[in-house]
Each structure stands twice: as structure tokens, then as C-alpha cells.
Amino acid sequence: MVKNGLLYSDAFLGTSLVGLFGRYVNLDGTMKLLKEMPYRNFVTWDSFICSFGHHGFVEESVIMFCELLRETEYPSERSFEGVLSGFKWLAYLELGKQIHRLVLKTGSEFYTSVACKNGFSQEQSTFASVISSCAGMQAIKYGELIHAKAVKKFFQYDVFVGSALVDCYAKCNCLEQMIRADYHPNEYTFLAVLKLSSTQELEQLHCLILKKGYHQYEYVCNSLVASYHINGLLSHALSFATYSTQSLTTISSNILAGIHNRSGQYQETQKLISQIDEFDIVSLNTLIAACARFGDYRKAFELFKGMQSVQTLPDNYTLVSLLSISTRLCDLALGGAIHGHMIKMDFSCCDLFVCNILVDMCAKCGSMESSVKVFNEMPKKNLFSWTTLISALGLHGFPCVALERFREMESVGIKPDKVAFITVLSTCRHGGLVEEGLELFGSWGHYFGYT
Numbered sequence: 001m002v003k004n005g006l007l008y009s010d011a012f013l014g015t016s017l018v019g020l021f022g023r024y025v026n027l028d029g030t031m032k033l034l035k036e037m038p039y040r041n042f043v044t045w046d047s048f049i050c051s052f053g054h055h056g057f058v059e060e061s062v063i064m065f066c067e068l069l070r071e072t073e074y075p076s077e078r079s080f081e082g083v084l085s086g087f088k089w090l091a092y093l094e095l096g097k098q099i100h101r102l103v104l105k106t107g108s109e110f111y112t113s114v115a116c117k118n119g120f121s122q123e124q125s126t127f128a129s130v131i132s133s134c135a136g137m138q139a140i141k142y143g144e145l146i147h148a149k150a151v152k153k154f155f156q157y158d159v160f161v162g163s164a165l166v167d168c169y170a171k172c173n174c175l176e177q178m179i180r181a182d183y184h185p186n187e188y189t190f191l192a193v194l195k196l197s198s199t200q201e202l203e204q205l206h207c208l209i210l211k212k213g214y215h216q217y218e219y220v221c222n223s224l225v226a227s228y229h230i231n232g233l234l235s236h237a238l239s240f241a242t243y244s245t246q247s248l249t250t251i252s253s254n255i256l257a258g259i260h261n262r263s264g265q266y267q268e269t270q271k272l273i274s275q276i277d278e279f280d281i282v283s284l285n286t287l288i289a290a291c292a293r294f295g296d297y298r299k300a301f302e303l304f305k306g307m308q309s310v311q312t313l314p315d316n317y318t319l320v321s322l323l324s325i326s327t328r329l330c331d332l333a334l335g336g337a338i339h340g341h342m343i344k345m346d347f348s349c350c351d352l353f354v355c356n357i358l359v360d361m362c363a364k365c366g367s368m369e370s371s372v373k374v375f376n377e378m379p380k381k382n383l384f385s386w387t388t389l390i391s392a393l394g395l396h397g398f399p400c401v402a403l404e405r406f407r408e409m410e411s412v413g414i415k416p417d418k419v420a421f422i423t424v425l426s427t428c429r430h431g432g433l434v435e436e437g438l439e440l441f442g443s444w445g446h447y448f449g450y451t
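According to the UniProt record's numbering, the residues represented by the sequence shown are 1 to 451, in order.
Any given hint might turn out to be false.
In silico SDA-like links for lysine to any residue, alpha-carbon gap of 20 Å or less [claimed, not checked]:
#, residue 1, residue 2
1, Lys305, Ser247
2, Lys373, Lys418
3, Lys212, Ser247
4, Lys381, Asp417
5, Lys212, Gln177
6, Lys305, Leu334
7, Lys373, Ile343
8, Lys381, Asp346
9, Lys299, Asp346
10, Lys211, Thr250
11, Lys380, Leu395
12, Lys141, Glu187
13, Lys380, Cys400
14, Lys344, Asn376
15, Lys373, His430
16, Lys299, Ala333
17, Lys418, Leu438
Label-pair distances were calculated between CB atoms; the ranges are [claimed, not checked]:
#, residue 1, residue 2, range
18, Ala148, Asp280, 26 to 32 Å
19, Lys305, Cys207, 43 to 49 Å
20, Arg70, Asn173, 17 to 23 Å
21, Ser247, Gln138, 45 to 51 Å
22, Lys211, Gln267, 55 to 61 Å
23, Leu145, Ser235, 57 to 63 Å
24, Asn173, Ser235, 19 to 25 Å
25, Lys373, Leu313, 21 to 27 Å
Hints are computed from structural coordinates only; laboratory data are not their basis.
Using N, Cα and C, we set each Cβ at its ideal position, and we do this for glycine too.
Please model the complete structure; the sequences and the hints are all you need to start from.
Shown next as C-alpha cells:
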């Protein structure tokens, strides 16, 4: 374009090039074009302003906007939208106010996109965002004002606005005040707000759910139990199940069974899952994990065979439980059978954690050759993968190979943590590699920033 002179004769081509540079955040190219283009129209100026403004180059965008004002008193909608898009940072608040006054002066506030940039959009998403801000600041007075405006616009029953309202009142400890304001959330609102709730708000929301009768909706109950679990309120989740008049759903039962399993309550886990009408993969994984934890290995593999008989494919959680059983039993044949099943399923689709467990299982069952082979075939490796292999090589009497693997790990850009460092030092100690161990110990400061 430059050689052919098209850039200097056709403003349309230059404008298109500005848009292209702006899309790929090529600020230098945009500035160079600005100097080289002799002919510019309003669209060209708009492209320059938007290219700078949308990517946070506020000062450059304002300079372009001022240049445009020298040519016209009435910038276009796109000009205002481009320059205002940069005023997201408080450092430019005063400058943004000046542009705002110009918007009002020219009557451009009636443009939808300009109104959005100025905060004048009357859409549900705007109300939800402002109410969420009030919730974060616990500014209940401002929240009530926005609530009143939402009622006038008939937005209070929108899922996003309603969720933001309940969240705001809950964070401000004013749910009773919300009810007195005659706002009654529906089940969809509860579903949305429960996911965002903290410990204190959950108890209030639970009471409100009971008062409104929404505890009879299974998806609300599932969301409530899940929220209790996420926030670590395990006793609350268990109490809810104990005193609930409704039969537990599969999702709620799975969550509660997982709590019992992690607490070491094997019998309770079995009892809860046995009451589920329709098992799913999560139910079976929880029960297999409970069997592995409790030492009932026979039943764990019976459940696995049952999964195969109904053509339910095991997932990563299933494989972790089964491999951990093989490790505890030091049964390489059993672990090899599981490995073969993983290959049939497509080994590359297995989770990295599962592959690490497999490397560890092979090593602890005495097959260092299999452990190294699995490690080499892994498509991805993390620090835990390398540490597991180095530890296994050291314990099996291959200290020099372990040290080579440690150097290889460094060469691929993985920095050792303290566990990996202690592992390789232990390997040097077991293998009698005194000089190598001292050299590594001397580099401790290099790895962890000590002098």
C-alpha cells in the first residue's frame, strides 16, 4: 500500500488498516499510520479513538478526540463510545466527567452505547452490577434506592437482578428488611444466590427458604447442601439431611456421602448410598473410595466389575481409588490390569494426577522398569511427576539415574520445591553421592533465594 501510494490517496484503505492494527493492539503501527496518512475522514478519527480507548491508552485516545473536535462540534456516537471506554480507571475520573458534560451538551446521551459507557443503561445487567457493588460495600441505603428503581422498571423478578438483591440484603444482614419491602424471591433467585453466599448468609438464606416453602424444590435443596459443603459447614449439611422431611435427591446424597467418607464413617457412607434410587458415577466413586479407605478391597473391585457390566465407564476418581488399593496390597498384577484398562480407555485422556499415582504404584510394587516407562509415555508432567520418579529411583538403588532425572527436570524449566530438593538430597545420601549432595546443598540459596 505504501509503495503503490494507496495509503496516501484513499482514506478508506488507511482506515481499514487502522482498525486492523487496533484489533491486534499494535500501538506502534497505529501511531505510524497516524503520521503517514494525509487524508482522514470522521470514520478514520473514530477508528483511531476506538483503537486507543478500547485497549486502555486513555491519553492517546483523548488526544485523538481533541483533534477531532477541531474539525467538528458534533462527534459521532462511535467517537464518544471509543473515548469513554478508556475511563474505567479512577485516575481518569475527572477527565471522564468533562467528556460526560460534552455528551450532555451535544445530546449524545440518547445513544445506547454512549449511555452504557456513562452508566445510564436501564438494562437488567446494569442494575445487577450496581446492586452487587452495594453488596460489596455493604451500602444498604444505596441498595434500597436501586431496589426501588428496579421495582419501577419491573426488573426485580429478573433472575440476575433478583439474585443481586437477595445477595445485597443478605450481606448487609437485612433479609427481614427485604421481606418488609415486599420483595419475595423465587426458586431461581435462590439457586443463583446460594452459589455466591458465604457462611453467615447461608444460615439466613436457609431460614428464608424454609419460610417460603422452597425446601420442597429438590434443586434448591441440592444447591443449599452444596453451598454448605463448599463453605465447610459440614455439620449444617448433615443436620439438614437428618431433619429434612423430603427424601434426599441423588446429588444431595452424594454430597453427604462424601462428607461421611472423608470423616471415616464407612457404615454411614454405605447406608446413605444404598438408599439412592438411581446410582450415578459419583455415587459409585464415593462408595469405592470408602471401601478403599476402610480396607474392604474385595467390595471395591466388585463395584468396579458391576460398573463394567452395565457399561459405565470409570473416570479419574475411580482409577485413583483402584490404583491406591493396588499400591497398598503391593499387587503389581492387579495394578497392571488397571493400567491395561486405562490404555483401552485412551491413556492420553487420563488425568495427570492419575498418571502420577500409576508411576508411584509401579515403583512401590517393585517394577521400576514399568514406572519409568509410564513416566516416559505421559503426555504432560508436573513437579509431582518428577519428584515421584526421582524418589522411586533413589529408593530402588539408582541414585545416579535419579540425579540425571533431576538435572533433566531443571532443563525443561521445572523449578524444584523444597520437597523435590530434599528428595534428591536423600537420594544422594542413600547412594553415597557425597560430593554431588554437597554441591546440591550449596546451591540451596540459588533455588530458594537464601544467601
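Now the hints, each set against the structure:
1. As the CA atoms of Lys305 and Ser247 are separated by approximately 29 Å, the hinted pair breaks the 20 Å bound.
2. Proposed proximity of Lys373 and Lys418 is contradicted: the alpha carbons are some 26 Å apart, above 20 Å.
3. The suggested pairing of Lys212 with Ser247 holds, with an alpha-carbon distance near 19 Å, which does not exceed 20 Å.
4. Restraint check for Lys381 and Asp417: satisfied, since their Cα atoms lie roughly 15 Å apart, inside the 20 Å limit.
5. Of the pairs offered as hints, the one joining Lys212 and Gln177 holds, with about 15 Å between alpha carbons and a cut-off of 20 Å not exceeded.
6. Note on Lys305 and Leu334: the hinted pairing holds, with a Cα-Cα distance of about 13 Å set against a maximum of 20 Å.
7. Taking the CA atoms of Lys373 and Ile343, the gap is near 13 Å; set against the 20 Å cutoff, the hint holds.
8. Restraint check for Lys381 and Asp346: satisfied, since their Cα atoms lie roughly 17 Å apart, inside the 20 Å limit.
9. As the CA atoms of Lys299 and Asp346 are separated by approximately 26 Å, the hinted pair breaks the 20 Å bound.
10. Restraint check for Lys211 and Thr250: the C-alpha separation of about 24 Å exceeds 20 Å, so the hint is violated.
11. Straight-line distance between C-alpha atoms of Lys380 and Leu395 comes to about 24 Å, which puts the hinted pair past the 20 Å bound.
12. Annotation: proposed proximity of Lys141 to Glu187 is violated, straight-line Cα distance about 26 Å (limit 20 Å).
13. Only pairs whose Cα atoms come within 20 Å are accepted, and Lys380 paired with Cys400 is rejected, the gap being roughly 24 Å.
14. Of the supplied pair hints, the one linking Lys344 and Asn376 holds, its CA atoms being roughly 18 Å apart against a limit of 20 Å.
15. Pair hint Lys373 plus His430 does not hold up; C-alpha atoms about 23 Å apart against a cutoff of 20 Å.
16. For the hint linking Lys299 to Ala333, the alpha-carbon distance of about 18 Å falls within 20 Å, and the restraint holds.
17. Proximity of Lys418 to Leu438 is assessed by CA-CA distance (about 16 Å); at most 20 Å being required, the pair is judged to hold.
18. In this structure, Ala148 and Asp280 break the distance hint of 26 to 32 Å, their C-beta atoms being roughly 45 Å apart.
19. At about 46 Å, the beta-carbon gap between Lys305 and Cys207 stays in the expected band of 43 to 49 Å.
20. Remark: the range hint 17 to 23 Å for Arg70 to Asn173 is contradicted by a beta-carbon distance near 55 Å.
21. At about 39 Å, the CB distance of Ser247 to Gln138 disagrees with the hint of 45 to 51 Å.
22. Between Lys211 and Gln267 the beta carbons are some 35 Å apart, a value that contradicts the proposed interval 55 to 61 Å.
23. For Leu145 and Ser235, the Cβ-Cβ distance of about 39 Å falls outside the hinted range of 57 to 63 Å, so the restraint is violated.
24. At about 22 Å, the beta-carbon gap between Asn173 and Ser235 stays in the expected band of 19 to 25 Å.
25. Under the hint 21 to 27 Å, the C-beta atoms of Lys373 and Leu313, about 24 Å apart, fit the expected range.
In terms of the numbered hints stated before, the structure departs from hints 1, 2, 9, 10, 11, 12, 13, 15, 18, 20, 21, 22 and 23, listed from lowest to highest.
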